[in-house]
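In the order they appear, the protein sequences are chains A and B. At position 228 of the first sequence (counting the first as 1) the number is 228 in the working numbering, and the numbers step up by one without a gap. At position 149 of the second sequence (counting the first as 1) the number is 149 in the working numbering, and the numbers step up by one without a gap.
Some hints could be false.
Unchecked claim - Some chain B residues well away from chain A (every beta-carbon gap over 10 Å; in silico): (1) E20; (2) G65; (3) R117; (4) G216; (5) K240.
Unchecked claim - Below, computed lysine to aspartate or glutamate pairings styled on EDC-like, alpha-carbon distance capped at 16 Å: (6) B:K17 - A:E82; (7) B:K142 - B:D171; (8) B:K142 - A:E82; (9) A:K78 - B:E88; (10) B:K142 - B:E88; (11) B:K72 - B:E4.
Quick caveat, the hints were computed from the structure, so don't treat them as lab data. Using N, Cα and C, we set each Cβ at its ideal position, and we do this for glycine too.
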Amino acid sequence: MRGVLTISFVTWRESIRSKLFAGLLLFLAVILAFSLYISSLSLGEVARYIQNTGLLGLSIVCLAVAILFGLFSLYQEKDRNELYVLLNRVPRSSYLIGRFLGTSYIIVLFSLFAGAGVFFLTWIFGHKIVFGLLWAVYWSVLEFSLLTAIGVLFFAMGVGFTLNSLLVLCTFILGHSMTEAMQSFIGLGRYGSKTYLFLVKAITVVFPNFDLFDFRLAILHDEALVWGKVLLSSGYWLLYLVAVLAAASAVMNRRDT
Amino acid sequence: MAEEHIIEIQGLSKAYKSREGRIEALKDLNLEVQSGEILGLLGPNGAGKTTAVKLIMGFLSPTRGRILFQGKPLRVGDPRRRIGYLPESFRPNPNLTVSEYVRFQCALAGDDGAQRRERTMELLSFVGMDRFPKRKISDLSKGMGQRVGLAQAFAGDPDLLILDEPTSGLDPIGKGEIISSLLGMKEKGKTIFFCSHILSEVERLCDRIGILVNGGLRFIGATADFKTRWETQDLEEAFKREVLCEAS
Numbered sequence: 001m002r003g004v005l006t007i008s009f010v011t012w013r014e015s016i017r018s019k020l021f022a023g024l025l026l027f028l029a030v031i032l033a034f035s036l037y038i039s040s041l042s043l044g045e046v047a048r049y050i051q052n053t054g055l056l057g058l059s060i061v062c063l064a065v066a067i068l069f070g071l072f073s074l075y076q077e078k079d080r081n082e083l084y085v086l087l088n089r090v091p092r093s094s095y096l097i098g099r100f101l102g103t104s105y106i107i108v109l110f111s112l113f114a115g116a117g118v119f120f121l122t123w124i125f126g127h128k129i130v131f132g133l134l135w136a137v138y139w140s141v142l143e144f145s146l147l148t149a150i151g152v153l154f155f156a157m158g159v160g161f162t163l164n165s166l167l168v169l170c171t172f173i174l175g176h177s178m179t180e181a182m183q184s185f186i187g188l189g190r191y192g193s194k195t196y197l198f199l200v201k202a203i204t205v206v207f208p209n210f211d212l213f214d215f216r217l218a219i220l221h222d223e224a225l226v227w228g229k230v231l232l233s234s235g236y237w238l239l240y241l242v243a244v245l246a247a248a249s250a251v252m253n254r255r256d257t
Numbered sequence: 001m002a003e004e005h006i007i008e009i010q011g012l013s014k015a016y017k018s019r020e021g022r023i024e025a026l027k028d029l030n031l032e033v034q035s036g037e038i039l040g041l042l043g044p045n046g047a048g049k050t051t052a053v054k055l056i057m058g059f060l061s062p063t064r065g066r067i068l069f070q071g072k073p074l075r076v077g078d079p080r081r082r083i084g085y086l087p088e089s090f091r092p093n094p095n096l097t098v099s100e101y102v103r104f105q106c107a108l109a110g111d112d113g114a115q116r117r118e119r120t121m122e123l124l125s126f127v128g129m130d131r132f133p134k135r136k137i138s139d140l141s142k143g144m145g146q147r148v149g150l151a152q153a154f155a156g157d158p159d160l161l162i163l164d165e166p167t168s169g170l171d172p173i174g175k176g177e178i179i180s181s182l183l184g185m186k187e188k189g190k191t192i193f194f195c196s197h198i199l200s201e202v203e204r205l206c207d208r209i210g211i212l213v214n215g216g217l218r219f220i221g222a223t224a225d226f227k228t229r230w231e232t233q234d235l236e237e238a239f240k241r242e243v244l245c246e247a248s
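Construct all of the structure, not just a fragment, from the sequences and the given hints.
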């Protein structure tokens, strides 16, 4: 545990010192400023435009954090041969979990910055206080930490950085199409067997379903949160995360590094 | 006697599959490193030195054979906390300062708060980097970076140091400083196993040498014995004859 925390703390420290961190902060500020500009063109929908554009910015920035901080740093560490020094001191699972945790701290930070930014802009310029935006931070952390863990699994499998980034990006896009895909497949198999329907549902659960963390529409439409859904999504995230990190550790333990 | 050997390598082999077929990077390596000695593993590029080190460190799984450390078998993938390791072409994390990096390694090696700070300064002083604790690693020269690498290898006060080409790419002054540090470690009773193809430093440092050519151990013993074997006083000449003999 000590090794995990030490590595996560160093991951955090090296991340906040990198030029990339400042670059992403600047990008987030530009997106928030852009959301203000876009909202000024709307007709009486200022708050909604700020939220819509701001939450989009949050997703883009957190995706960049998952790939650039979560994955690129792993590959850099390997290139510098520093990976071997670390694996000499801590078990491989501790290394992977430590790196994952460190990146998750950065995802939490950026989600908080973006969430707070959108909250205050909506309040000041849209004259609306939307506490649901705090939930956006929560869902963003769940979604992008899971995506980071999936990237860590690909790293453990020996996939190169470029392919890993593409796979993570594809997982993100496909993961957001899961509900739609499930509905289409269920529609196609309306007259099919129960096995078919079970398989379709199983695939949409086994493949990461990021739609379960997408509460943006609910926030935009001021819909109340359904606690059952919150618990279900959080439980799904926890189970999926544990499974992915356990698989990553098992794969890395068996592979030559 | 087994107690005198800090590490015993028994019948270690490693083969890879490649497009050209099966490549035997290491063939039936048998080697013992005695406590308190400096053993240099010499060989031309591609001889299997780094493969041997990675097998000892558990980063690669052997095709055959086993490794005993202080009489106990080492498992692939387990951390080797009692072994300090400096890999080839090592570059420490550029976003940390010198002292932060060594402190980080001391923390991973198990040192506690105050002890960690003290130990960090001790290690930096030992490798001659105590004047630059606040300097960012990205601002260091290659030689300085290598000295930081050496300091991290000493973290946790390991019983054995395994160093892969510790002086590669360094200027003569940098090399001299690293060699002095290693001799200092030997005086403290540490065992050092290192790979190199720089013969002058091997001759200066090592109690014994092992000559690895094409994955096979051709010689193990004192440097003087190796020179006598090839009837020359020049280690480089003896080494060349050994490698060329293998090639022919």
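Tested hints:
With a least beta-carbon separation of about 19 Å from chain A, E20 (chain B) lies farther than 10 Å from that chain, consistent with its non-interface assignment. Distance to chain A confirms G65 (chain B) as a non-interface residue, since its nearest Cβ pair spans about 15 Å, more than 10 Å. No Cβ of chain A comes within 10 Å of the Cβ of R117 (chain B); the nearest lies about 15 Å off, and the non-interface call holds. With a closest Cβ-Cβ approach of about 21 Å to chain A, G216 (chain B) is found to remain outside the 10 Å limit, as its non-interface label requires.
Every Cβ of chain A is farther than 10 Å from the Cβ of K240 (chain B); the closest lies at roughly 29 Å, confirming the non-interface assignment. A distance of roughly 26 Å separates the Cα atoms of K17 (chain B) and E82 (chain A); the hinted pair therefore is violated under the 16 Å criterion. For the hint linking K142 (chain B) to D171 (chain B), the alpha-carbon distance of about 9 Å falls within 16 Å, and the restraint holds. Proposed proximity of K142 (chain B) and E82 (chain A) is supported: the alpha carbons are some 15 Å apart, at most 16 Å.
Simply put, K78 (chain A) and E88 (chain B) have alpha-carbon atoms about 12 Å apart, close enough for the 16 Å limit, and the pair holds. This hinted pair checks out: K142 (chain B) and E88 (chain B) have alpha carbons roughly 13 Å apart, not beyond 16 Å. For a cut-off of 16 Å, the pair hint linking K72 (chain B) to E4 (chain B) stands: about 13 Å separates their Cα positions.
Violated hint: 6 only; the structure is consistent with all others.
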